[in-house]
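Chains as they are written, first to last, in the working numbering: chain A, 211 to 378; chain B, 211 to 378; chain C, 211 to 378.
Certain hints may be false.
[To be verified] In silico DSBU-like pairs for lysine-lysine, Cα to Cα no more than 30 Å straight-line:
| id | chain 1 | residue 1 | chain 2 | residue 2 |
| --- | --- | --- | --- | --- |
| 1 | B | Lys378 | C | Lys376 |
| 2 | A | Lys213 | B | Lys213 |
| 3 | C | Lys378 | A | Lys376 |
| 4 | B | Lys378 | A | Lys376 |
| 5 | A | Lys376 | C | Lys287 |
| 6 | A | Lys376 | A | Lys213 |
| 7 | A | Lys376 | B | Lys213 |
| 8 | A | Lys213 | C | Lys376 |
[Unchecked claim] If you want the footprint, here are the derived chain B segments under chain C, 3+ residues with CB under 8 Å:
| id | segment |
| --- | --- |
| 9 | 220 to 233 |
| 10 | 334 to 340 |
| 11 | 365 to 378 |
I should point out that these hints are in silico values taken from the structure, not numbers from a laboratory. Since the model is a prediction, treat every value here as computed from it, not as a measurement. The beta-carbon is built from N, C-alpha and C at its ideal position, and this holds for glycine as well.
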Amino acid sequence: MKKCVLVTGGARSGKSRIAEDLCLQMGQPATYIATAEAWDDEMRARIAAHQARRGPEWVTISAPLDLLGALRASDGKGPRLVDCLTLWLTNLMLAEADWRKAGQDLIAALPAQASPVVFVTNEVGMGIVPDNALARAFRDAAGTLNQWVAEAADEVILAVSGLPLKVK
Amino acid sequence: MKKCVLVTGGARSGKSRIAEDLCLQMGQPATYIATAEAWDDEMRARIAAHQARRGPEWVTISAPLDLLGALRASDGKGPRLVDCLTLWLTNLMLAEADWRKAGQDLIAALPAQASPVVFVTNEVGMGIVPDNALARAFRDAAGTLNQWVAEAADEVILAVSGLPLKVK
Amino acid sequence: MKKCVLVTGGARSGKSRIAEDLCLQMGQPATYIATAEAWDDEMRARIAAHQARRGPEWVTISAPLDLLGALRASDGKGPRLVDCLTLWLTNLMLAEADWRKAGQDLIAALPAQASPVVFVTNEVGMGIVPDNALARAFRDAAGTLNQWVAEAADEVILAVSGLPLKVK
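One chain only, chain A, in its complex shape:
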């Protein structure tokens, strides 16, 4: 059984479903660590759709900023799914927190985790260079964080049209 898995992919690539399946195969019940904050109707609808798809085999906890705290609190109680790193990064940047330090602290804490963790993240760097500097800074940060977690992970999967492509 793998201890740490990263599932990356574009929007609507099926990465959450792939990650959920992987996570439940590692043990049940599993903990769903949601990093999304419902700040508008579109996001609320998206979160509701995700929750509706998940069944009673999931315990859901919310961690828009303190992801490390959520991992520690849920450790020893079965596998965890973190959905997703990109929203966590967004929240950190909006809160003007030090995302580099938060990311490095996360990586440093992974070896001590007793229960598996499956991270979901997004590929955001394969389009045209964005016009505005904030979007460029965000995609640079997202790519950097993905590299850090991928290096720490035992397994890395790229979701393409709902299918898993093994990268590591």
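Add chains B and C to chain A, keeping to what the hints say.
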């Protein structure tokens, strides 16, 4: 011989050429089902370039909306290439048709097809989240449709720099 | 030992690091052929960060436009890393040079090169279709150039979250 293949990839990734080669290997003549509508000069030039590359081994039919009808009409006459699902989806959304129903009807009709089908589609979800809601809705729909067809397909290929990367 | 390698990937996908490692494995010292022009502070910072990561095993030469001249001048002195084709294309287009001819001349000159070449390039076509025609023309050109170099290359790698995915 595979019955249903999906070739996905970014803009100018060589996906159409890969799909054309695959289709002609399955039998000749082949039917090219074009979903593009020539609504401006840029698109007309693009369609003309595509047609110029294809030789007399192709019969071309146009199906901007009624893709299912085109598949039924061409069945039993050799392999079909559908180029592409993303433009078909665009046409459906512009016509305010029910793309979910059209997509599900397409999937449901595939098992009864006697001749092979190669679908071309686009990866549109690996860039920064678009500013406007319509673009976000479109990439969500495109990703969903891609997942449906990929699940139904025997083979899925991601085109990268003109080369085929096997996903399924 | 491979003579010509193409490393492609999105922004912050770790493609430069993967390409640097590959290049140094082929021989040292190696020549770093930089196509970037430092036309603003953001780009200057990016170039400085790249240079800081590279050690004394690199000889750096600058070739914003005359990439073919740089390859010829550095041939026979160990492996070369070209970072990157996408910026070279940008420079050619800004200079209103004939990028198609420049690209074809580059491909035609590769077989005569005695020392290995590793090219870095960008995936820019996997997002939503850009609003403006210039961006669409650029991503079409970038995809076309990538296909040409990938066809000429012995090996093609897609960088995903810092990890190499073999395409050819």
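Here's how the hints hold up against the structure:
no.	hint	verdict
1	Lys378(B) <-> Lys376(C)	holds (16 Å)
2	Lys213(A) <-> Lys213(B)	violated (38 Å)
3	Lys378(C) <-> Lys376(A)	holds (16 Å)
4	Lys378(B) <-> Lys376(A)	holds (11 Å)
5	Lys376(A) <-> Lys287(C)	violated (37 Å)
6	Lys376(A) <-> Lys213(A)	holds (16 Å)
7	Lys376(A) <-> Lys213(B)	holds (25 Å)
8	Lys213(A) <-> Lys376(C)	holds (25 Å)
9	220 to 233	holds (count 5)
10	334 to 340	holds (count 6)
11	365 to 378	holds (count 5)
In this structure, the hints that do not hold are numbers 2 and 5, in rising order.
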